[in-house]
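If you count by the working numbering, then the sequence shown holds residues 1 to 153, one letter each, in order.
The set of hints was computed from the structure by calculation and includes no laboratory data. Just so we're clear, the structure is a prediction, and the values are computed from it rather than from any experiment. Even for Gly, the Cβ is constructed at its ideal location relative to N, Cα and C. Some clues are possibly wrong.
Using 25 Å as the maximum straight-line C-alpha spacing, the simulated DSS-like pairs for lysine-lysine come out as follows [claimed, not checked]:
{"no.": "1", "residue 1": "Lys23", "residue 2": "Lys108"}
{"no.": "2", "residue 1": "Lys70", "residue 2": "Lys101"}
{"no.": "3", "residue 1": "Lys76", "residue 2": "Lys110"}
{"no.": "4", "residue 1": "Lys101", "residue 2": "Lys23"}
{"no.": "5", "residue 1": "Lys79", "residue 2": "Lys101"}
{"no.": "6", "residue 1": "Lys79", "residue 2": "Lys110"}
{"no.": "7", "residue 1": "Lys70", "residue 2": "Lys110"}
{"no.": "8", "residue 1": "Lys108", "residue 2": "Lys79"}
{"no.": "9", "residue 1": "Lys101", "residue 2": "Lys76"}
{"no.": "10", "residue 1": "Lys108", "residue 2": "Lys70"}
{"no.": "11", "residue 1": "Lys23", "residue 2": "Lys76"}
{"no.": "12", "residue 1": "Lys79", "residue 2": "Lys23"}
{"no.": "13", "residue 1": "Lys76", "residue 2": "Lys108"}
Listed next, with one range per pair, are the computed distances between beta-carbon atoms [what the hints assert, rightly or not]:
{"no.": "14", "residue 1": "Asp94", "residue 2": "Gly133", "range": "17 to 23 Å"}
{"no.": "15", "residue 1": "Thr54", "residue 2": "Lys79", "range": "25 to 31 Å"}
{"no.": "16", "residue 1": "Gln14", "residue 2": "Ala43", "range": "20 to 26 Å"}
{"no.": "17", "residue 1": "Val139", "residue 2": "Pro30", "range": "15 to 21 Å"}
{"no.": "18", "residue 1": "Asn87", "residue 2": "Tyr38", "range": "32 to 38 Å"}
{"no.": "19", "residue 1": "Pro52", "residue 2": "Pro32", "range": "37 to 43 Å"}
{"no.": "20", "residue 1": "Asn87", "residue 2": "Leu141", "range": "31 to 37 Å"}
{"no.": "21", "residue 1": "Pro52", "residue 2": "Asp127", "range": "14 to 20 Å"}
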Amino acid sequence: MAASKPDVTQLGKQVGIPESPEKAELERVPNPHTDTDYVARFAAPEFTSLCPVTGQPDFAHLVIDYVPGKWLLESKSLKLYLASFRNHGAFHEDCTVAIGKRIAALIKPKYLRIGGYWYPRGGIPIDVFWQTGAAPADVWLPDQGVAPYRGRG
Numbered sequence: 001m002a003a004s005k006p007d008v009t010q011l012g013k014q015v016g017i018p019e020s021p022e023k024a025e026l027e028r029v030p031n032p033h034t035d036t037d038y039v040a041r042f043a044a045p046e047f048t049s050l051c052p053v054t055g056q057p058d059f060a061h062l063v064i065d066y067v068p069g070k071w072l073l074e075s076k077s078l079k080l081y082l083a084s085f086r087n088h089g090a091f092h093e094d095c096t097v098a099i100g101k102r103i104a105a106l107i108k109p110k111y112l113r114i115g116g117y118w119y120p121r122g123g124i125p126i127d128v129f130w131q132t133g134a135a136p137a138d139v140w141l142p143d144q145g146v147a148p149y150r151g152r153g
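Using the sequences and the hints given, assemble the complete structure.
Here is the structure:
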C-alpha cells in the first residue's frame, strides 16, 4: 500500500514569499510517531523583520523546539512564513511571541518553546523566550545552542 500524500499546498511547488505574516500559510503534516515523545527543532539564524518605528531591519537567530502531538510543522511553509516578516514592522517581542503562538495554534504540540536571539540595536541585544508550558518529563530538551551576546557569531 502506498503512503498517502500530506495535505499541503506549497511543498514541491514554486511559491513566492508571502506579502505579510497574516497572508502566509503555515501547513502541517501528520506525525508518524504519535506513540513517541521526541523533540523537533527548527533554527533560523538569518531571521529578519523591520523596526516598526524606524523601518530599519532587525536580525535574529530563532530557535523553535517542539514535542509533536498529532501534527508536525511542514518546514517549507515555515520558511515562507518566516520570510514574510522581512517587510513586516513589529518589535522583537511581538515577532517572537506571535510566531510561537501561531505555530502552537496550528499543530497543537505537547510542548513548544521559541527563543528569539536578537542582534543589538543601539548597543542592546534583546532575547525573547516563550513556551506553552512544561516539557514532557521523558524528553531530552537540549540547550538552544545560542551563546549569550558576544558578537553573536
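Against the structure, the hints come out as follows:
At roughly 20 Å between alpha-carbon atoms, Lys23 and Lys108 fall within 25 Å of each other, so this suggested pair holds. With a CA separation close to 17 Å, the supplied pair Lys70 and Lys101 stays within the 25 Å bound. Restraint check for Lys76 and Lys110: the C-alpha separation of about 22 Å stays at or below 25 Å, so the hint holds. For the hint linking Lys101 to Lys23, the alpha-carbon distance of about 16 Å falls within 25 Å, and the restraint holds.
Between Lys79 and Lys101 the alpha-carbon distance is near 16 Å, which keeps this suggested pair within the 25 Å criterion. Note on Lys79 and Lys110: the hinted pairing holds, with a Cα-Cα distance of about 22 Å set against a maximum of 25 Å. Proposed proximity of Lys70 and Lys110 is supported: the alpha carbons are some 9 Å apart, at most 25 Å. The hinted pair formed by Lys108 and Lys79 meets the criterion: a straight-line CA distance of about 19 Å does not exceed 25 Å.
Our distance criterion of 25 Å between C-alpha atoms is met by Lys101 and Lys76, whose separation comes to about 18 Å. Restraint check for Lys108 and Lys70: satisfied, since their Cα atoms lie roughly 8 Å apart, inside the 25 Å limit. Only pairs whose Cα atoms come within 25 Å are accepted, and Lys23 paired with Lys76 is accepted, the gap being roughly 15 Å. With a CA separation close to 14 Å, the supplied pair Lys79 and Lys23 stays within the 25 Å bound.
At roughly 19 Å between alpha-carbon atoms, Lys76 and Lys108 fall within 25 Å of each other, so this suggested pair holds. Restraint check, Asp94 to Gly133: a C-beta distance of roughly 21 Å satisfies the suggested window 17 to 23 Å. The hinted range of 25 to 31 Å is satisfied by Thr54 and Lys79, whose Cβ atoms lie roughly 26 Å apart. The hint said 20 to 26 Å for the Cβ distance between Gln14 and Ala43, and at roughly 24 Å that hint holds.
The hint said 15 to 21 Å for the Cβ distance between Val139 and Pro30, and at roughly 20 Å that hint holds. Our hint of 32 to 38 Å for Asn87 and Tyr38 holds, since their Cβ atoms are close to 35 Å apart. In this structure the hint that Pro52 and Pro32 lie 37 to 43 Å apart at CB holds, the actual value being about 40 Å. In this structure the supplied range 31 to 37 Å holds for Asn87 paired with Leu141, their Cβ-Cβ distance being about 33 Å.
Distance hint check for Pro52 and Asp127: the Cβ-Cβ separation is about 19 Å, which falls inside the suggested range of 14 to 20 Å.
When each numbered hint is compared with the structure, no violation occurs for any of them.
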